[in-house]
Amino acid sequence: MARLATAWAIFQGLLLESLPFLLLGVTIAALARWLVPQAAWVRRLPRHPLLAPVVGALLGFALPACECGNVPVARRLLASGAPLGTGFGFLFAAPVLNPIVLASTWAAFPDQPWLLFARPLGAFVIAIALSALLGLMGERALLEPALLEERRLTQPLAEVGLLERGSGVLGAAPIPISPRPSSQSISLSDVLLHSGREFLGLLVLLVLGCALAAAVQSWLPRAWLLAVGSAPTLSVLALMLLALVVSVCSSVDAFLALGFAAQVTPGALLAFLLLGPVVDLKLAGLFTVLLRPKAIAVTALAASLLVLLIGQWVNLVQL
Amino acid sequence: MTLRLRWSSLSLPLLLLLWGWVMVWSTASGRLDLLLRSVYHPVVAVGGGLLILIGLLQLRLLLRRKRAGQVSQTLPRGWWLTALVALAIIVFPPQPSFNDLASSRPSSLPEAPRLAFVLPPEQRTLTEWVRLLRTQPDPSLHAGAPVSISGFVLKRPGEPAQLARLMVRCCLADATPSGLPVLWPEGFDPKPDTWLEVKGKMVTQEHDGALRNVLEPSSLKVIPRPDRPLEP
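Chains as they are written, first to last, in this note's numbering: chain X, 1 to 319; chain F, 1 to 232.
Treat the hints as calculated values from the structure; they're not laboratory data.
Honestly, I wouldn't trust all of these hints.
[Said to hold, decoys possible] Computed footprint of chain F on chain X; a stretch qualifies when at least three of its residues, placed anywhere within it, have a C-beta under 8 Å from a C-beta of chain F:
1. 5-14
2. 17-31
3. 188-196
4. 199-207
5. 210-219
6. 235-249
Quick reminder that beta carbons are idealized off the backbone N, C-alpha and C, glycines included.
Could you put the whole structure together from the sequences, leaning on the hints where they help?
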């Protein structure tokens, strides 16, 4: 019974701490939708396989939030027709590449400057690799159906076809994309209704993710995960598993890592700081508003493999 | 039918208001003191206030649209789950067992945000004592120092009970225990999760072939859990 009460408290802590960041993300997405409804600039972002995720990752400096807040903004970007690479670059790297997270990493590890470079660099590498990999799957197999439908409304008929887009005139020339006249722009009331619905939709998934993270944390002794701290490969794997389970925001995970930094290998420490912002139990539900289940599985597996390799490489160099 | 339509269309702003209320009320009632580090409390309160504002705006909008006959009835999937969770949060306050939480976590103590070692010994908190003993591990340096601290009883399986505190960087999910060994008086059975105020002095004791500092109480007093039991 005591454990159940503790799990309930952890659940409340995780949820109440995440809610303001989720709201921040939804608000930014809503403001973007209201101020620039057609968002033509988004579609002009680079589509180059390397440049697109880098640009998306750098957009993180405009949104100093953790991974929960990034999901609605990434969805807005993709729905507005942003190149896939940019959307995924933002989704996977922006939770690390923002001023708050970089400052907290520096504050937690002032005596380990390599970490301050390795963390953003690793986030870039992961974002580029995941974007390239997911790009191979094709939009239809990749994106959640409602998002795909919304995204196709912003794409010219020449690119997506009439039936896929669900609207248009047979035989007509591709419709040039131009911003709507201001008289037809989306009203604030529409944006408010949409963002309220989006917030509640994401909240359902966040509740499920927090419940899962709280349950696993309460019944899996953390000492088991840290017991293998000095073994090069096992320590990386253990800290990756810990990042998945703990599900804390990227803005504070460096301080948490500080607590066990002395007990684990440097590669394991970096793995913890890299994997958490990309994949964790709390995010599992939220990703379903962006990706199909198969794409989520590919993301989780590929991110884990990449982080394992990076962690191993760091241990090889440092040990 | 009319009633169902009305409720379904009202549920969206009402849910936003409910969650806004949960966030503001959790902050105002002091519940967050048990869950989050204090620096996040205003963030939660402001987020709740914003949700209430959005909910009220939506309600006003809905009433205006209703007059115009344009009321939407679409609801997010699983909205009832969020309503149940919000009500459960209000009805069932958090009652974590600190002993249970700390038992499954290693005592790896982060560095202090600021050093407080210049404080007189009797003014140091439990966490400051643990930090000091780790950075200056020579037990003879602290032998005889007066101690006045409070904490909860942490009893890990197979280990003697300690007096402990939980530190958080973010929320309970990352809570890390810091514990101090205590020479419990004869016949005193420290019960897990009991909060104690202990006065005494630091002494040395041989443990696994090495000397270590142990707290020898001169007085033990059971106290209620402090309003802010978590330490940064």
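For each hint, the structure was consulted:
no., hint, verdict
1, 5-14, "holds (count 8)"
2, 17-31, "holds (count 6)"
3, 188-196, "holds (count 5)"
4, 199-207, "holds (count 6)"
5, 210-219, "holds (count 4)"
6, 235-249, "holds (count 4)"
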